[in-house]
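*Asks:* Protein sequence lines, in the order shown, are assigned to chains A and B.
The working numbering applies: residue 6 is where the first sequence begins, and numbers increase by one.
The working numbering applies: residue 15 is where the second sequence begins, and numbers increase by one.
These are calculated hints, taken from the structure and not from any lab test.
Cβ coordinates follow ideal geometry from the N, Cα and C atoms, glycine included.
Worth double-checking, as some hints may not be accurate.
[Unchecked claim] PhoX-like, lysine-lysine: derived pairs with alpha carbons at most 20 Å apart:
hint : chain 1 : residue 1 : chain 2 : residue 2
1    : B       : 420       : B       : 384
2    : A       : 112       : A       : 96
3    : B       : 310       : A       : 62
4    : A       : 62        : B       : 333
[Claimed, not checked] Over the 12 Å line for every Cβ pair with chain B, so calculated as not near, a few chain A residues:
hint : residue
5    : 20
6    : 42
7    : 62
8    : 75
9    : 90
10   : 105
11   : 112
12   : 131
13   : 148
14   : 188
[Unchecked claim] Take a look, some chain A residues computed to stay more than 10 Å from chain B by CB distance:
hint : residue
15   : 71
16   : 76
17   : 100
18   : 102
19   : 117
20   : 141
21   : 152
22   : 166
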Amino acid sequence: MKQTLITLVEDKPGVLNRISSLFRRRNFNIESLVVGHSETSGVSRMTIVANEPEASKRGNIYFNLLKLVNVIAVKDVSKLPCISREFILIKINISPDKLNEVNNIVKQYGARIVDMGTETLIVEATDEESVINNLISVLQPYEITEIVRTGKIAMRKGKTHNVSSNNINSKPDDLSWTPDHITAYQI
Amino acid sequence: MSNKKQRFTGAEIIWECLIREGVEVVFGYPGGTILPTYDALNKYRNKVHHVLSRHEQGATHMADGYARVSGKVGVAMGTSGPGATNMITGMATAMMDSSPIVCITGQVSSSVIGSDAFQEIDITGAAIPVTKHSYLVMDIGELASTIREAFYVAHTGRPGPVLIDIPKDIQNDSIEFIYPEDELILPGYHPPEDVSEDYITKFSTMVNQAEKPVILAGHGVLLSNACSEVMELAEKSSIPITTTLLGIGGVPDSHPLVLGMMGMHGESWANHAIQEADLLIACGMRFDDRVTGNLKTYSPNSKKIHIEIDPSEINKNVKVDLAIHADLGTVLRHVNPQIIKLNRKKWLDIISGWHHDSKRRDILNIKSDKLLGAQVIRKIWEGTKGNALIISDVGQHQMLEAQYYKHEEPRTLLTSGGLGTMGFSLPAAIGASFHEKDKEIWVIVGDGSIQMTMMELGTAMQENTNINIAIINNGYLGMVRQWQQMFYDSRYAETPISSPDFVKLAEAYGMNGYRVDSIEDILPTMEKVQKNSGPSLVEFKVEEHEIVYPMVPAGADLHEMIQRPWNEVNNNGQIQEKEKVK
């Protein structure tokens, strides 16, 4: 099962190394990891997508991440209402007679053509992962020469609490950053 | 240090901070990039004692031994490059056994970091998987707060090793400095503080309703100082207790409810109790493969309560019914008043039944021409009246120690359990001796293990430590040989190992050396040793083909253990009989 973890980390050297080292060392399967600045200076925000079928292993990922000293908070948003997006650039080799076809597909997907060369074009799209996957498959009949995707980013809907009100002993709450309880991963 | 701002070098700040943390002894080895700090040590001699190890691995084990016996943070120091990489085994050992140590390493100057300078290694990165946390200090202004943070991280929550890497120019640099007194804020680090009432009620209800409960006491019992709380729970509700290797000493071995060690070389009745139980109360332990055997058949009919300070250990190997992420002592102080008094005669009788022929099966009853390792351990127990601090190494002698030396007090057995680091015992004992100055200390070590860190005999002599070393010499890497005999058709690939003349070796170091090859000579030799001041070494020449029983073969079901042999060894002195119970 796909597991999406929003992870707030201290913006310090080597933090990404610690997180990737953890995934490798514990033999956890990582699908994507996106990192960038957050709304707070000194805090970076990661969206990590892991894929482990067993609930207990997903719990193990969660608590191992939380255990890292530089990790401020982790929220498993896999089952929470979220906006999740991925960004993609697709380069296609194309003959002029196919241009209309591609243009229609691109429009249908709310994507756009951002660069047009003599025989190539670059399509840009932002959407949920499944839509992005569909877009790739409908463009597959044309000659795709390059793909770059960012991996998923996610944000919970609704009014989230500030991370500074985080308290390990308070009750977990979907919109807080309070750590999940172990029972969240019990089958 | 006064509260007035004074100018200090980075090197001086290191010592000032260590003293503030209550450090009295540092184990280390100087070298190029840590030179400024060693130079500054001269100013602090009256406050800190430095022990020169013979290898940086030894220094980390010394810090670890000191930490395990004192409950305080142990400190090891070394130089960059090979000095730092030599510390990795020691950090990994401390990591696996949750021992609080702080390792300080010198680093090449910050301006040349990343250039593959002489003796440069990225120890901060290399240490990530073997430490609780690691720091590289790139600004002298952050040096003091980093050291303070490192100590805090090392000893709080689930304890563990922390590395601080300090470039040489930071040690040489100087600033106006006041020791930081403000509250430590680590936004991502929160050891648990309390436990909800809800869990307390569930816990006590499960205990009160169980018919066949067993307490599994791990290292957490010692680390949480919860020994009396665990005994109170056990006595109130008449619950038998079995310990992990590192849990030994947390509960008194002579207590009628204490079944001894569980697991691969645990007692058969302890393992049976686990398999037959209807409730396991796991206290500060992590269901290591060496204690569970085959996970699919592990304690199949029991509900499981797991009290553990590290949430990532819960549901990792064994799925539990009630998971309590909290400090063990705190939890039990809440739970114990709600526990109903029960005598559980039926359950305890069933367990006693599993002892049926164990007396006859005891190795001590075996007639052997040669001395047996188990006999040596039992005699050391007698000769020390069970009051010694024992530091065992890794291998057959370690398991025999766990079975045949009965520990009554916490922190009287130090051993490398999780990582199984051969060579741990001698340096760990040296470290421990700086806390246990008046206690009788015995290192129990094999001929293989001692030869991994034997150079630390020099440290033991230079510091005139009060340690006694018992080498159980069977001429083999015994535990590996045992596996070869049992599972590889006795093909002894590279397990026969020669040794120096240990008595002469002891003498070469200037210590008293003895050799014993008969059971009658053990106690008289120990008496001589006990009269010596300073370190002594005794070599015990023992049976080469001794096997540690009982044994659950790796991956087998916990109740499918190979019992101790029925009575005697065969003509070759070999104990070969294997039989399964149940």
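*Asks:* Now, for every hint given, state plainly whether the structure supports it.
*Replies:* Hint check results:
Our distance criterion of 20 Å between C-alpha atoms is broken by residue 420(B) and residue 384(B), whose separation comes to about 24 Å. For the hint pairing residue 112(A) with residue 96(A), the CA-to-CA distance comes to about 16 Å; that is within 20 Å, so the pair holds. As the CA atoms of residue 310(B) and residue 62(A) are separated by approximately 16 Å, the hinted pair is consistent with the 20 Å bound. Of the pairs offered as hints, the one joining residue 62(A) and residue 333(B) holds, with about 11 Å between alpha carbons and a cut-off of 20 Å not exceeded.
Not every CB of chain B lies more than 12 Å from the CB of residue 20(A), the least distance being 10 Å, so the non-interface label is violated. Non-interface call for residue 42(A) relative to chain B: holds, since the shortest CB-CB distance, roughly 16 Å, exceeds 12 Å. At roughly 9 Å from the closest C-beta of chain B, the C-beta of residue 62(A) falls inside 12 Å, breaking its exclusion from the interface. Distance check on residue 75(A): its Cβ comes as close as 6 Å (rounded) to a Cβ of chain B, failing to clear the 12 Å threshold; non-interface status is violated.
In this structure residue 90(A) is separated from chain B by more than 12 Å, as the shortest Cβ-Cβ distance comes to about 26 Å. Separation of residue 105(A) from chain B is adequate, the least Cβ-Cβ distance of about 53 Å exceeding the 12 Å criterion. At roughly 45 Å, the least C-beta separation between residue 112(A) and chain B is larger than 12 Å, which holds for a residue marked as non-interface. Here residue 131(A) stays apart from chain B, with its beta-carbon at least about 30 Å from theirs, past the 12 Å limit.
Against the 12 Å criterion, residue 148(A) stays outside the reach of chain B, whose nearest CB is about 42 Å from its own CB. Non-interface call for residue 188(A) relative to chain B: violated, since the shortest CB-CB distance, roughly 7 Å, does not exceed 12 Å. In this structure residue 71(A) is not separated from chain B by more than 10 Å, as the shortest Cβ-Cβ distance comes to only about 7 Å. The claim that residue 76(A) is not at the interface with chain B is violated, since a C-beta of that chain comes within 10 Å of its own (minimum 5 Å).
Residue placement check: residue 100(A) keeps its beta carbon more than 10 Å from all beta carbons of chain B (closest about 49 Å). Every beta carbon of chain B lies more than 10 Å from that of residue 102(A), the smallest distance being close to 53 Å; the non-interface claim holds. Against chain B, the non-interface label of residue 117(A) holds: every CB pair exceeds 10 Å, the least being about 40 Å. The claim that residue 141(A) is not at the interface with chain B holds, since no C-beta of that chain comes within 10 Å of its own (minimum 36 Å).
With a minimum CB-CB distance of about 31 Å to chain B, residue 152(A) clears the 10 Å threshold, and the non-interface call stands. Look at residue 166(A): its CB is around 15 Å from the nearest CB on chain B, clear of 10 Å, so calling it non-interface holds up.
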